[in-house]
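Colleague: Put chain B on the given structure of chain U with help from the hints.
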Amino acid sequence: MPGMRLVSVISYLLAPALLGLGACSKAPAPPPLEVRLYQKWELQPGDEIAGRAVLGGLGDISIDLEGNAVYAPFAGRTQLDTRQCVIFSSPDVPAYLFRLCGLNQPRLGELKQGEAIGSGNLLYFAALRKQPNGTWAVVEPAKAILERTLTKS
Amino acid sequence: MNHRKSQVSSVKYMLAGGSVVAALGLMVDPRGFLPTTATGKDICQVVVQPEATLTRQELSRLLTVQERSDKAQIRRIAQNPYCKLPDIQIRSGVTAQREAYPLAFDSQTWLVVLYEGNEYAGYAFSFRH
Numbered sequence: 002m003p004g005m006r007l008v009s010v011i012s013y014l015l016a017p018a019l020l021g022l023g024a025c026s027k028a029p030a031p032p033p034l035e036v037r038l039y040q041k042w043e044l045q046p047g048d049e050i051a052g053r054a055v056l057g058g059l060g061d062i063s064i065d066l067e068g069n070a071v072y073a074p075f076a077g078r079t080q081l082d083t084r085q086c087v088i089f090s091s092p093d094v095p096a097y098l099f100r101l102c103g104l105n106q107p108r109l110g111e112l113k114q115g116e117a118i119g120s121g122n123l124l125y126f127a128a129l130r131k132q133p134n135g136t137w138a139v140v141e142p143a144k145a146i147l148e149r150t151l152t153k154s
Numbered sequence: 007m008n009h010r011k012s013q014v015s016s017v018k019y020m021l022a023g024g025s026v027v028a029a030l031g032l033m034v035d036p037r038g039f040l041p042t043t044a045t046g047k048d049i050c051q052v053v054v055q056p057e058a059t060l061t062r063q064e065l066s067r068l069l070t071v072q073e074r075s076d077k078a079q080i081r082r083i084a085q086n087p088y089c090k091l092p093d094i095q096i097r098s099g100v101t102a103q104r105e106a107y108p109l110a111f112d113s114q115t116w117l118v119v120l121y122e123g124n125e126y127a128g129y130a131f132s133f134r135h
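Same order as they appear, the protein sequences are chains U and B.
For reference, each letter of the first sequence is one residue, going 2 to 154 in my numbering.
For reference, each letter of the second sequence is one residue, going 7 to 135 in my numbering.
Quick caveat, the hints were computed from the structure, so don't treat them as lab data.
From a predicted model like this one, the values you see are computed outputs, not experimental measurements.
By construction, the Cβ of each residue, glycine as well, lies at the ideal position given by its N, Cα and C atoms.
Misleading hints may appear alongside valid ones.
[What the hints assert, rightly or not] Derived contacts from chain B toward chain U, CB cut-off under 8 Å, selection only:
(1) Glu73
(2) Arg74
(3) Ile96
(4) Arg97
(5) Ser98
(6) Ala127
Extracted from the complex, chain U is given alone in its bound form:
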C-alpha cells in the first residue's frame, strides 16, 4: 500500500524536525532591566566605593544563606538588573518587585512557584513597590514573603 509507506516516510521526516524544535527553544539573554528607584540613595548593591563593591544598601535585608538556595515565592519571572541583581516579578503580585542581590549564577526566565532561583552565601533582599510616577520605592518586606522565598513552597 503506497499510502502506508508514505506515512512511514513522513514519520522518518518528522523525527529530525522534532529534534530541531527542542534545540531552538533556548532564547537569547534579554537586556538588563532598568529599575528606577523612588529613593535617591547614592549607593546601591552592585555599585563601587573606593574600589570596593557595595553588597547591600539601605532597605536591603541581609540573610546568611550559607550556600543554600532561594525559591520563587510565586509563579513568575527572573531578570537581571543593570547591577547584576535578580529582579523577580509575578503576574499574581501586581505593584511589587523583589530584588535579590548576592546570588551565584541565578536562573533567569519563567519560574514556577517553589523553583530555585539560585544560591549564595549572603542574600540581600529588597521589596520594591510601584509608585504612580513609574519609580519603585524600597519598602519593608513582610516576614511572610521572606519565608516564602527562603523555603521551597
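Modeller: Frame of chain U; chain B shown alone:
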C-alpha cells in the same frame, strides 16, 4: 503474493516510524514551546462573579487610574471581579487583597488588581488562564 509481502513490510515501517516519533514525543516537553503555562498555586480562592469580564473600554479607563487611588475609583469602572485570590503579605504590617478580571475580548488574559485596604496599589496582566 508480492503485493501482500509489501503490505506487511510497509506496516512494519509504519510501526517503526511511529514508535520513533512516539519515543521522541515523550522526550520533548511541550510546555517549553508555549508562551507561559506556569500554573502557580495562586489561582482563585473564591469566585465572586462567574460572568464578570472587562470590556476594552473598561480596561482602558481602568488603566488611567493612578496607583494610590481609592479602591472605589476602580470599583466605579469595574464592578465585582471574577474572583478573589488569596490574601498575601508583602509589605510589613499590611495585608494585600487581589482580584482578577478576565478580559472580555481575550478570556485567556486576566487583569489582576492589588489593593491594600482601601488603596489601589496596581495591576498586572496574567496570560495563562
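Colleague: Could you work out which of the previously given hints the structure breaks and list their numbers from low to high?
Modeller: No hint contradicted; all consistent.
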